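Trainee: Could you slot chain B onto chain A? The hints should help.
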Amino acid sequence: METIALVGNPNSGKTTLFNALTGANQKTGNYAGVTVSRVSGVLRTPHGNQYELLDLPGCYSLSPNSPDERITRDVLLGNQEGAECPEVVVCVVDASNLERHLYFVFQVIDLGLPVVLALNKVDLAEKQGIRINIELLSEELGVPVVPCQANKGKGVIDIKHAIRHPFPHQSSRTWSADKAVEKAIIKLIEQLKSDGVSAPEAQAIHLLADSAYRTESQPGVDGGMQKQAIDIADTLIRSGLAPEESISKARTRKVQEICQVAARRQDAGTLTLSDRIDQFLLHPFFGWVIFVVLMLMVFWTIFRVAEYPMGWVDSGVGALSDWVSGMMSEGDVRSLVVDGIIAGVGSVVIFLPQILMLLFFIGLMETTGYMSRAAFLMDNIMSKVGLSGKAFLPLLSSYACAIPGIMATRTMDSAKQRLLTIMIAPWMSCTARLPVYALLIGMLLAGQGALVQALVLAGLYLLGTVTAFIAAWLLAPRVKGSEEVAHFMMELPAYAVPDLKYIVRHLLERAWSFLYKAGTVILGICILLWALQTYPKPKEGTPAAEDASLALEQSYMGQIGHAIEPVVKPLGYDWRTGTALVAAFAAREVFNSSLAISYSVDEEEFEEDDDFLAQLRAQMAAATWPDGRPVYTPLTTLSLLVFFVYALQCLPTTAVVRRETGSWKWALGQLGAMSVFAWLAAFLVFQIGSLLL
Amino acid sequence: MIADIARDLKIDTATTLSQASAGCQLRIRQLEGKACKRLREIGFCEEMEISKLSDGRNMICSVCGTRMALSRKLGDQVLVEMV
Chain A
1 METIALVGNP NSGKTTLFNA LTGANQKTGN YAGVTVSRVS GVLRTPHGNQ YELLDLPGCY
61 SLSPNSPDER ITRDVLLGNQ EGAECPEVVV CVVDASNLER HLYFVFQVID LGLPVVLALN
121 KVDLAEKQGI RINIELLSEE LGVPVVPCQA NKGKGVIDIK HAIRHPFPHQ SSRTWSADKA
181 VEKAIIKLIE QLKSDGVSAP EAQAIHLLAD SAYRTESQPG VDGGMQKQAI DIADTLIRSG
241 LAPEESISKA RTRKVQEICQ VAARRQDAGT LTLSDRIDQF LLHPFFGWVI FVVLMLMVFW
301 TIFRVAEYPM GWVDSGVGAL SDWVSGMMSE GDVRSLVVDG IIAGVGSVVI FLPQILMLLF
361 FIGLMETTGY MSRAAFLMDN IMSKVGLSGK AFLPLLSSYA CAIPGIMATR TMDSAKQRLL
421 TIMIAPWMSC TARLPVYALL IGMLLAGQGA LVQALVLAGL YLLGTVTAFI AAWLLAPRVK
481 GSEEVAHFMM ELPAYAVPDL KYIVRHLLER AWSFLYKAGT VILGICILLW ALQTYPKPKE
541 GTPAAEDASL ALEQSYMGQI GHAIEPVVKP LGYDWRTGTA LVAAFAAREV FNSSLAISYS
601 VDEEEFEEDD DFLAQLRAQM AAATWPDGRP VYTPLTTLSL LVFFVYALQC LPTTAVVRRE
661 TGSWKWALGQ LGAMSVFAWL AAFLVFQIGS LLL
Chain B
1 MIADIARDLK IDTATTLSQA SAGCQLRIRQ LEGKACKRLR EIGFCEEMEI SKLSDGRNMI
61 CSVCGTRMAL SRKLGDQVLV EMV
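Sequence lines, in order, name chains A and B. Start counting the first sequence at 1; every next residue gets the next number (my numbering). Start counting the second sequence at 1; every next residue gets the next number (my numbering).
Bear in mind the hints are in silico, worked out from the structure with no lab data behind them. Here the structure is a predicted model, which means the values were calculated and not measured. Just so you know, not all the hints are guaranteed correct.
[What the hints assert, rightly or not] Simulated crosslink set (DSBU-like; lysine-lysine; CA at most 35 angstroms straight-line):
#	chain 1	residue 1	chain 2	residue 2
1	A	K27	B	K73
2	B	K34	A	K249
3	A	K416	B	K34
4	A	K384	B	K34
5	A	K416	B	K73
6	A	K249	B	K73
7	A	K537	B	K73
8	B	K34	A	K227
9	B	K34	A	K193
10	A	K187	B	K34
11	B	K73	A	K254
12	B	K34	A	K183
13	B	K73	A	K127
14	B	K34	A	K254
15	B	K73	A	K480
16	A	K152	B	K73
17	B	K34	A	K665
18	A	K179	B	K34
19	A	K384	B	K73
Isolated chain B (complex conformation):
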């Protein structure tokens, strides 16, 4: 039961990449949506640590030292948690 509560809590803390605020260190929990295969191909895969550098119509994230520009539609498909 404690494990269940812990899992629920963890899911609660997860937000989408679009919602996360700029300047945060994040860890990708899950990918959901049509583009998730493409996202994995360009480096946004589960457990990867990323940092969101800027917000806007297109946000900029740093993934393994590379900056990737990403539209909000794609950011909605990435569930992240704070590190």
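Isolated chain A (complex conformation):
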């Protein structure tokens, strides 16, 4: 299948166009750097042809500054291992930003591949009073130009027509640099041609335009080719002419020429609506007030509004459990279904509304354009611990899940900053912790209003974040890499009305994947935990056969739990909590399942009409040590919450850290350090608290 690549500046709408062309539902957002890896899909033209469409990370230039930009450069130059050079390139340009985006278009045209220019966001350009002469633009660039509005699906069919067979002819560069540089380009092309290098013109221009490309050894780039380029470039530099400077100036000159004739901008200099909104949202004082109030509102909603759907799920789980109990006769199978599966999976699924609520707010921030503003505000604080505000975007994604957050660090230009961000990202509380937090906060603050609960939840998020910043500050001197802090530079996109249809689709997808996880991994673990606590069955006539708690103590789980108990007892936990903590290493949510299963034996003490969740909390509150003291004192609950803030109980994260850092040392070091830190922190909370209270 022939390949077509989508490229363009960050936030020009490549992924939106990709989704419109392929019918996929890739993640989009109104900030730079949403796509960080190569994504492919199948594109069908109106004539029945099929192509592979590649969505590449956005970049400002083909001289990469960060790993995601390198992916785009390598794919376009055919240096990417295992990937063919694309047959056609669709260059997506934000029409309201033509002057800025054309620089990259020139770099793509210089590659000599067939290029189609997709002029996206034409509606925005019109609103801003920019008059674009499409014919003139197409003539000046020498490539077909198709106006479109990808988010509304307008012009998508025209793009499909433009990239059908026969492909547009190969593009060729339209700018010219200083005479000496032009001569050098021609000389290098000739040399590369005679050496049999593929795409000699594209390589020659790129070698001279990017000093890093010709001097640093790179996979897929021929060393001999670099040597020739270095010789030619050195001759130019000795005569006082830096080839990269000359080429970059020649390109910008041409951009300005074209914009003067083909893209007229009226009323430049007046404040737009986004500018006026930013005067408040980025105000050194009010900006922070608004940020804090917004965050508190998010947490309050998670408790107050999610209460209703949670109640429905809760009574559903309770009713199902009662119905099954009534339908089946007593025995191991009923116990497996009711105490193992329904209690275990139910105790996790109940919290789905809260998770979706949090994801909804993150989605709102992403699509309105507030993400980059938050990063701008945070830069002030983060620079104090040696991190750039840019690190805030991956960290914010980590509140949903650490894995996409860690992947998003690919947009960061400094390798050192990137490693630091990866190391601290798991301390941003992810949605898998939310069910545990919600269960425990409900116990700790039973009878308190949503506002108090929201404040405690916000406190937990803040605790993880602040400790992560301190850790970054301590870790910074130990991480190798240039000391030079990468300069903060970030696009603040125009505010957009959130695309609710997209957010809802995204939420449904997340809900489905959560339920899928609950129905597979968590279900499996629940069955295993149930088996461990049910077998071996006590012999008839022994005291354990009469006493359910004694039977539990003698089961496999009881044996494992008692083996673990010495490790968790200093933190204030009994063996059941200890087992749940260990089981949570498989998936954090399993903590709830494990407790629900192991406390299900005491069920008969409670009234039947209580809600499932209330019943679980009541069972936990009634749990006692052998001497009659309650297990779940406020202090134990607090120590558990602190443990969950810090523990890295997610093996997929460790695997992704290994892949992104390329080293087991960092990945395992992070896992070990975070586990030990979690234990120590929980220990200190419990022990110091016990002394004080």
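Mentor: For chain B alone, coordinates are given in the frame of chain A:
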């Protein structure tokens, strides 16, 4: 000679983007420094008209209708003149 004086005067009126006060309409005269290639790539190129919207540790400039946040270190590398 008059041309020389005129050129000197023009250079005298140029300040760095960091020094310029917020709310001004500016034209970029020259880029000097390590990051000038990067700056050109993101749209800060010679002869471009920009407006500085706010000052601070990171300043905000409007370049062709887009707001860009820029650190002072980068702003020092952009020489501008008032329009």
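Trainee: Next, verify each hint and record whether it holds.
Mentor: The hints, checked one at a time:
1. A:K27 / B:K73: With Cα atoms ~33 angstroms apart, K27 of chain A and K73 of chain B stay inside 35 angstroms; holds.
2. B:K34 / A:K249: 15 angstroms, holds
3. A:K416 / B:K34: Roughly 19 angstroms between the alpha carbons, so the hint for K416 of chain A and K34 of chain B holds.
4. A:K384 / B:K34: Between K384 of chain A and K34 of chain B the Cα gap is close to 24 angstroms, so the pair holds against 35 angstroms.
5. A:K416 / B:K73: Status holds; Cα separation ~19 angstroms.
6. A:K249 / B:K73: Given pair K249 of chain A, K73 of chain B holds - Cα atoms ~22 angstroms apart, limit 35 angstroms.
7. A:K537 / B:K73: 71 angstroms, violated
8. B:K34 / A:K227: With a Cα-Cα distance of about 24 angstroms, the restraint between K34 of chain B and K227 of chain A holds, given a limit of 35 angstroms.
9. B:K34 / A:K193: Since the Cα atoms of K34 of chain B and K193 of chain A sit roughly 33 angstroms apart, the hinted pair holds (cutoff 35 angstroms).
10. A:K187 / B:K34: The given pair, whose Cα atoms are some 28 angstroms apart, holds under the 35 angstroms limit.
11. B:K73 / A:K254: 28 angstroms, holds
12. B:K34 / A:K183: Satisfied, since the Cα-Cα distance of roughly 26 angstroms is no more than 35 angstroms.
13. B:K73 / A:K127: 34 angstroms, holds
14. B:K34 / A:K254: 23 angstroms, holds
15. B:K73 / A:K480: 23 angstroms, holds
16. A:K152 / B:K73: Answer violated: K152 of chain A to K73 of chain B is near 40 angstroms, above 35 angstroms.
17. B:K34 / A:K665: Roughly 34 angstroms between the alpha carbons, so the hint for K34 of chain B and K665 of chain A holds.
18. A:K179 / B:K34: 25 angstroms, holds
19. A:K384 / B:K73: Between K384 of chain A and K73 of chain B the Cα gap is close to 16 angstroms, so the pair holds against 35 angstroms.
Violation of the numbered hints given earlier is confined to hints 7, 16; the remaining hints are satisfied by the structure.
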